[in-house]
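Participant: For the record, the sequence lines run as chains A and B. All the letters of the first sequence, read from the start, carry residue numbers 111 to 269 under my numbering. All the letters of the second sequence, read from the start, carry residue numbers 30 to 182 under my numbering.
Think of the hints as simulated: they come from the structure by calculation, not from any bench. Any given hint could be a false lead.
[Said to hold, decoys possible] Residues from chain A shown here face chain B by an in silico Cβ test under 8 Å; the list is partial: (1) Leu160; (2) Ser167; (3) Ala172; (4) Lys174; (5) Pro178; (6) Ser181; (7) Glu183; (8) Thr192; (9) Phe193; (10) Asn220; (11) His223.
The beta-carbon is built from N, C-alpha and C at its ideal position, and this holds for glycine as well.
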Amino acid sequence: PNQRQLSNKVLDRMLFNFYIYNRKGKCLLYREWNRPLNTLSDDPEEERKLVFGMLFSLKDLASKLSPPSQSKENLHTIKTNTFTLHHFESISGLVFVLNTDPDIPNLNQNLQHVYSNIFVDYIARNPYYQYKIDEPLKCPIFIARLEEYLFNLPSIKKH
Amino acid sequence: MIHLSKIEINNMFLQLFIINRSGGLVFTKNLSSLSPTLSTNDCLRLGSTFHGLHAIATQIAPIVSSGIEKMETDTFVLQCLQTLTGVKFVITATPGTTEINELLHAIYEIYADYVLKNPFYEIEMPIRCDLFTKHLDRIVMKLSSVQGRRKQP
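Chain A extracted, bound-state conformation:
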């Protein structure tokens, strides 16, 4: 119980919400832990599409603004004065988005871990779960492992 109280307190200030999108922009997973503001609360589907659309356009902007270079201009973070949006896109086009408190540094690598370890293990390689690329994810153990990982990130626990 003490551990749960602590993590709830941490959540209240640190993590807002989380999205997973497939290559086509369909939202496969949405988790919300703390959301003081939801401008589009009466139309959640529209909200998911808007987030994906914004990121899609920002990535296009980034490819035009990037200095000529060998590496791809992978988008890591978008910061405002009150929150930071962390982003990771796998080579297969899966997009992971996490909104946090603005003090939390770049979590791009951690989102990469969420994909290559937690997603791949508990969704793609899970013999008991049928993963379909166009359907929302309904896998409780994946969500449990995901939250366990995110709540225990050192940059989040430190606060």
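Based on the hints, put chain B in the right spot on chain A.
Facilitator: Using the frame of chain A, we list chain B on its own:
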């Protein structure tokens, strides 16, 4: 012969965009030889697109928020200063560049001094003020030379 050291290559301002309150681009300038070459139309489009996305960020935000202040990627960073009047100063730079905040505020200052106070300048129109460009070159040079000398924390 100008010799670019490794430090200078990694800490460079790339481009400046100034966007008016309606989202139109009023000024753009390449601040280094590494900047991507963009046509005028491309720049106009980028300015308007960024103006829109800056606003969308407040709509999708999980908490009451300003628009996009910073954007970080593998190959560059972007920082935006939005003034109370809705004008946006946007700078792109290579990762690890310090002094972007200082540059943005210095540009805002010379904008107020040499653009807004220019009696021939029409607000919201493209900026064609000689003194502004002169002072811009001066402060970019000054802040670019500070890069690399400041120790990274």
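Participant: All hints are to be evaluated individually against the structure, with a verdict given for each.
Facilitator: We went through each hint and held it up to the structure:
Look at Leu160 of chain A: its Cβ gets to within about 6 Å of chain B, closer than 8 Å, so that hint holds up. Taking 8 Å as the C-beta cut-off, the interface hint given for Ser167 of chain A holds, the closest approach to chain B being about 6 Å. For Ala172 of chain A, the suggested interface contact is upheld, since its CB lies about 5 Å from the closest CB of chain B, less than 8 Å. Checking Lys174 of chain A against chain B: minimum C-beta separation of about 6 Å stays under 8 Å; hint holds.
The criterion of a C-beta within 8 Å of any C-beta in chain B is met by Pro178 of chain A, whose closest approach is roughly 6 Å, and the hint holds. Restraint check, Ser181 of chain A versus chain B: the minimum CB separation of about 6 Å is within 8 Å; hint holds. Hint on Glu183 of chain A holds. Least Cβ distance to chain B is approximately 4 Å, under the 8 Å limit. Evaluation of the Thr192 of chain A hint against chain B yields a held restraint, the C-beta minimum of about 4 Å falling below 8 Å.
Against a cut-off of 8 Å between C-beta atoms, the interface hint on Phe193 of chain A holds, since the closest Cβ of chain B lies about 6 Å away. Of the supplied interface hints, the one on Asn220 of chain A is violated, with its beta-carbon coming no nearer than about 15 Å to a beta-carbon of chain B, more than 8 Å. Taking 8 Å as the C-beta contact cut-off toward chain B, the hint placing His223 of chain A at the interface is violated, the least distance being around 17 Å.
Hint check: violations occur at hints 10 and 11; the rest are consistent with the structure.
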